[in-house]
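Based on the hints, put chain L in the right spot on chain Y.
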Amino acid sequence: MYKFYIFLKYSFVALWTMFVVAPFLWALSTSFKDFQSVNSKVTYIPWIDYQPSLEGWKVLIKSPAKGGVDIVEPYFNSIFVTCTASVISIFLGTLAAYALSRFTFKAGFVRNNDITFFFISQRIMPPIVLSIPFFIFLSTIGLLDSLIGLVVVYIVLLMPIAVWIMVDFFNRVPKELDETALIDGCNPYQAFYKVVLPNSIPGLIVAGMFCIIFGWIDFFFAFILTFTEVQLLPVKVVALNSSVTPWWSLSASALVSVAPLIIVAFIVERYLSKGNLSGALK
Amino acid sequence: MNFKHKFVFLFPGLFVLIGILIFPIIFTIRLSFSGWNSYTPEMNFIGITNYIRLFTDDPRFWESFFRLSFLSVTTVILQYIIGFSLALMVWRDIKFKRFFRVMFLIPMMTTPVIMTVIWRTFFHESLGPVNDLLGAFGVGPKWLSDPATAKITVIIVEVWQWTPFMFLLLLAGLLSLPKEPFLAAAIDGASAFRKFVFVTFPLMAPISIGAIIIRLIEASKIMDTVFVLTSGGPGTATETSSFYIYIKGLREFQMGYAATLSFTYLVIMIISLTIIAKVLTKLMIKE
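Same order as they appear, the protein sequences are chains Y and L. To convert, note that position 274 of the first sequence is 1393 in this note's numbering; the numbers rise steadily by one, no gaps. To convert, note that position 113 of the second sequence is 944 in this note's numbering; the numbers rise steadily by one, no gaps.
Looking at chain L on its own, in the form it has when it is part of the complex:
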């Protein structure tokens, strides 16, 4: 095929994306070497002072990063297990198949922040239905004001919101699997359990990896839920990296330092996601 046509197809999209992003990215990197804050709102050059501060004198950022890792890994594992189970259950014969499929898809169509506003009333400690029903058993967890339980609340809301996405990707994968391996397994008289372990799961491995990586990318941006549900609180118990950068940048107006955080965060994320992708591929696809 002619050489130049391929560029006509690729370049509009590529250049629009680069054109929109080039300024923000260069600006962030430049800003990270400046001391822009509300007292000196100017693009001065202070060298790597911000980076030194981040690596030697900011445990709060690293704590928020580990919290983010914990939250996103936990939610994605839960979403994978639940999503895969749900997908397997409505994959073949079940009554009301289409009804259940629609039901399982609905949460991902709803706006996270708006649903979180509802969840906030749902988990309200004295006027919400959860504690009212649990009250019958004599327990009333402090869903939003206790550091440990607040994390669980965030995880519950995230799992509700995003399991459907995992479910959708995995069900689409299941429906595209070839029939022959299952026939062969049936002829060999394999049990349902063995069929899953030796046929379904290996066939689904590449799709699973793709789905997990995509969900990890999205989960690492967890922000909307935290923002509305707990505002990072109580204390800093549910503060994630994004939220910490938000506080530094747009509440305390330490723009320069926030840019340093952003840039460092991006580098860490890209490296760790690449590693996770490699490790998962090794673990799940056995020759």
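Bound-form chain Y, shown alone:
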């Protein structure tokens, strides 16, 4: 009975792992194909099934004038927008989360929980609902198709995440910590900055990673609010998804685009195994 259970457990885990890696393996294999090996019949293993070619990867570094796919600029745009918006969101979100965790707010029927819910509820709005007014808003102030405009929009996307994670995290940092600091003669800002913040680094890292993930993977705002001046990575890759584009360069650019965040999976796992995440995500 027990042996059977172990067997079941490992097969389930192994099956799911295969499901997880399947699209990556397929993309990796496809990225080395050429016209012949994609369109004749389905092929899997290089050298055995088909003759690998580097065509798919070469277009990534070729200039657009020579028929290449320029993903270098979108890459840096994506990094810039994601990081800037994340830093601002974490900064503002952490301050607000600290206030919501430590002080009592009362205005009419509004309590702390309601304010927290207000922050988090911004995630309910589908991008499409916001993108039409944002489109008009940004074109009025002249920030349509610009990096700054996208950063502004992404703050709305990311600050709720920062508040959500940090409120829960601060709730688990003992209150005595700030009280001791206050008795020792710190003012509330020093208590926060010198005592609470250094004890919240795991929470900050988790919140930061979540902001980076959700900023990096957004597609729709970038799709609606930018055209030619500024292009983010997902928009660029999806734009390749026309009938003209060969699967091999599509696969290569897709792999290059999703690669950097996979490192985040390792960092998250490390924090998970050390038990630091348990407080931050509950």
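Hints may be right or wrong, so weigh each one.
[Said to hold, decoys possible] Simulated DEER-style distance windows between Cβ atoms:
hint, chain 1, residue 1, chain 2, residue 2, range
1, Y, Asn1232, L, Ile908, 23 to 31 Å
2, Y, Glu1174, L, Met1115, 21 to 29 Å
3, L, Leu852, Y, Gly1227, 31 to 39 Å
4, Y, Glu1348, L, Ile908, 38 to 46 Å
5, L, Glu873, Y, Lys1313, 40 to 48 Å
[Claimed, not checked] Pairs of lysine-lysine, DSS-like flavour, derived with a Cα cap of 25 Å:
hint, chain 1, residue 1, chain 2, residue 2
6, L, Lys835, L, Lys926
7, L, Lys1010, L, Lys928
8, L, Lys928, L, Lys835
9, Y, Lys1313, Y, Lys1294
10, Y, Lys1313, L, Lys835
11, L, Lys1026, Y, Lys1122
12, L, Lys926, L, Lys1010
13, L, Lys1010, L, Lys1026
14, Y, Lys1393, L, Lys837
15, L, Lys835, Y, Lys1122
16, L, Lys1109, Y, Lys1128
17, Y, Lys1393, Y, Lys1294
18, Y, Lys1393, L, Lys1010
19, Y, Lys1122, Y, Lys1225
20, Y, Lys1294, L, Lys1113
21, L, Lys1026, Y, Lys1225
22, L, Lys973, Y, Lys1122
23, Y, Lys1393, L, Lys1113
24, L, Lys837, Y, Lys1225
25, L, Lys973, Y, Lys1225
26, L, Lys1010, Y, Lys1128
27, Y, Lys1294, L, Lys837
28, L, Lys1113, Y, Lys1128
29, Y, Lys1128, Y, Lys1393
30, L, Lys1026, L, Lys1113
31, Y, Lys1313, L, Lys837
32, Y, Lys1181, Y, Lys1160
33, L, Lys1026, Y, Lys1128
34, Y, Lys1160, L, Lys973
Hints in this document: simulated from the structure, not taken from any laboratory. Since we're looking at a predicted model, the values are computed, not measured. The C-beta atom is built at its ideal place from N, Cα and C for all residues, glycine as well.
Same frame as chain Y, but now just chain L:
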């Protein structure tokens, strides 16, 4: 603590958020009472005409809404079951624990639209590997061009993409559980099954509710996958609310009507998510 300090902490974030959102929200509400479209691109006032149209003469929106409910509830239930099983399996002793944990986390780190582009080639009906392998058994489902199967394809891709998030929240919860109840159960000689039903599951209930609600919120925005995978098709078989609003607003440029749809959709979502949260809490936490 001094009265004013708390506002110094709270207000920057709150006001930045309100400052960015106030215009879009007021604008959407105002726009929903106008007939802004590509023929008359102006902010006129046509009263509740749009709302009357929505409630009496637009079955397509309601169909897309029910489709969205079906898709998001199905995917979240699947994600919860699979995510919880995976979390339980790599919770304690298993070989290559850290390897599996990383593996299970990876999909949520990847950009949904970009992975969907890959999935599209993966499920390609004549050149994709799925139908090639299934061909050995003599079947070849039309993954993207049959109304029923297209829904399944969307669900598969969504489950692949977002089960890791559920897994992460639940595993973090499992790792933070106190040890004493498990010791007590072990002393009583409870079987693994009874331990799960009477100890693990009740302890995990609050975390489960939180995770399900968060996933429901995110799943209700399902758009990227549909947009790239099927474009709402075949016909309207995978058209969700977001996608329908997108078609009305940014393809047919019926901005006023799209705003009506958006606003109605938001109100329904906020009400139904609140109800779902209450019901789940009642169902899963028994005194």
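Verification of the supplied hints:
1. Checked against the hint of 23 to 31 Å, the pair asparagine 1232 (chain Y) and isoleucine 908 (chain L) passes, with Cβ atoms roughly 27 Å apart.
2. Range check, glutamate 1174 (chain Y) to methionine 1115 (chain L): about 54 Å between beta-carbon atoms, so the 21 to 29 Å window is missed.
3. Against the hinted window of 31 to 39 Å, the Cβ-Cβ separation of leucine 852 (chain L) and glycine 1227 (chain Y) comes to about 20 Å, which falls outside the hint.
4. Between glutamate 1348 (chain Y) and isoleucine 908 (chain L) the Cβ separation comes to about 43 Å, which falls inside the hinted range of 38 to 46 Å.
5. Between glutamate 873 (chain L) and lysine 1313 (chain Y), the C-beta spacing of about 56 Å breaks the proposed range 40 to 48 Å.
6. Between lysine 835 (chain L) and lysine 926 (chain L), the direct Cα distance comes to roughly 54 Å. Violation of the 25 Å bound is thereby established for this hinted pair.
7. About 20 Å separates the Cα atoms of lysine 1010 (chain L) and lysine 928 (chain L), which keeps this hinted pair within 25 Å; it holds.
8. Restraint check for lysine 928 (chain L) and lysine 835 (chain L): the C-alpha separation of about 49 Å exceeds 25 Å, so the hint is violated.
9. Restraint check for lysine 1313 (chain Y) and lysine 1294 (chain Y): satisfied, since their Cα atoms lie roughly 14 Å apart, inside the 25 Å limit.
10. Taken as a hint, the lysine 1313 (chain Y) and lysine 835 (chain L) pair is honoured in the structure, with Cα atoms around 20 Å apart against an allowance of 25 Å.
11. Restraint check: the Cα-Cα separation between lysine 1026 (chain L) and lysine 1122 (chain Y) comes to about 19 Å, which is no more than 25 Å; the hinted pair holds.
12. Using a Cα cut-off of 25 Å, the hinted pair lysine 926 (chain L) and lysine 1010 (chain L) holds, with the two alpha carbons roughly 22 Å apart.
13. Pair hint lysine 1010 (chain L) plus lysine 1026 (chain L) holds up; C-alpha atoms about 13 Å apart against a cutoff of 25 Å.
14. Under the criterion of a C-alpha separation no larger than 25 Å, the hint pairing lysine 1393 (chain Y) with lysine 837 (chain L) is inconsistent with the structure, at around 33 Å.
15. For the suggested pair lysine 835 (chain L) and lysine 1122 (chain Y), the alpha carbons sit about 63 Å apart, so the restraint of at most 25 Å is broken.
16. Simply put, lysine 1109 (chain L) and lysine 1128 (chain Y) have alpha-carbon atoms about 34 Å apart, too far for the 25 Å limit, and the pair is violated.
17. With a C-alpha separation of about 23 Å, the suggested pairing of lysine 1393 (chain Y) with lysine 1294 (chain Y) holds against the 25 Å cut-off.
18. A distance of roughly 16 Å separates the Cα atoms of lysine 1393 (chain Y) and lysine 1010 (chain L); the hinted pair therefore holds under the 25 Å criterion.
19. With a CA separation close to 58 Å, the supplied pair lysine 1122 (chain Y) and lysine 1225 (chain Y) exceeds the 25 Å bound.
20. Between the alpha carbons of lysine 1294 (chain Y) and lysine 1113 (chain L) the distance comes to roughly 31 Å, so the proposed pair goes past 25 Å and is violated.
21. The straight-line distance between the Cα atoms of lysine 1026 (chain L) and lysine 1225 (chain Y) is roughly 43 Å, outside the 25 Å bound, and the hint therefore fails.
22. Proximity of lysine 973 (chain L) to lysine 1122 (chain Y) is assessed by CA-CA distance (about 39 Å); at most 25 Å being required, the pair is judged violated.
23. For the hint linking lysine 1393 (chain Y) to lysine 1113 (chain L), the alpha-carbon distance of about 33 Å lies beyond 25 Å, and the restraint is violated.
24. Of the supplied pair hints, the one linking lysine 837 (chain L) and lysine 1225 (chain Y) holds, its CA atoms being roughly 12 Å apart against a limit of 25 Å.
25. Only pairs whose Cα atoms come within 25 Å are accepted, and lysine 973 (chain L) paired with lysine 1225 (chain Y) is rejected, the gap being roughly 57 Å.
26. For the hint pairing lysine 1010 (chain L) with lysine 1128 (chain Y), the CA-to-CA distance comes to about 23 Å; that is within 25 Å, so the pair holds.
27. Distance hint between lysine 1294 (chain Y) and lysine 837 (chain L) is fulfilled; the C-alpha atoms sit about 15 Å from each other, no more than 25 Å.
28. With a C-alpha separation of about 32 Å, the suggested pairing of lysine 1113 (chain L) with lysine 1128 (chain Y) is violated against the 25 Å cut-off.
29. Our distance criterion of 25 Å between C-alpha atoms is met by lysine 1128 (chain Y) and lysine 1393 (chain Y), whose separation comes to about 24 Å.
30. Taking the CA atoms of lysine 1026 (chain L) and lysine 1113 (chain L), the gap is about 22 Å. The hint holds against a cut of 25 Å.
31. Restraint check for lysine 1313 (chain Y) and lysine 837 (chain L): satisfied, since their Cα atoms lie roughly 17 Å apart, inside the 25 Å limit.
32. Distance restraint check for lysine 1181 (chain Y) and lysine 1160 (chain Y): the Cα-Cα separation of roughly 28 Å exceeds the 25 Å cut-off, and the hinted pair is therefore not satisfied.
33. At most 25 Å may separate the alpha-carbon atoms for a hinted pair to count; lysine 1026 (chain L) and lysine 1128 (chain Y) meet this at roughly 17 Å.
34. For the suggested pair lysine 1160 (chain Y) and lysine 973 (chain L), the alpha carbons sit about 17 Å apart, so the restraint of at most 25 Å is met.
Consistency with the previously given hints fails for numbers 2, 3, 5, 6, 8, 14, 15, 16, 19, 20, 21, 22, 23, 25, 28 and 32, ordered from lowest to highest.
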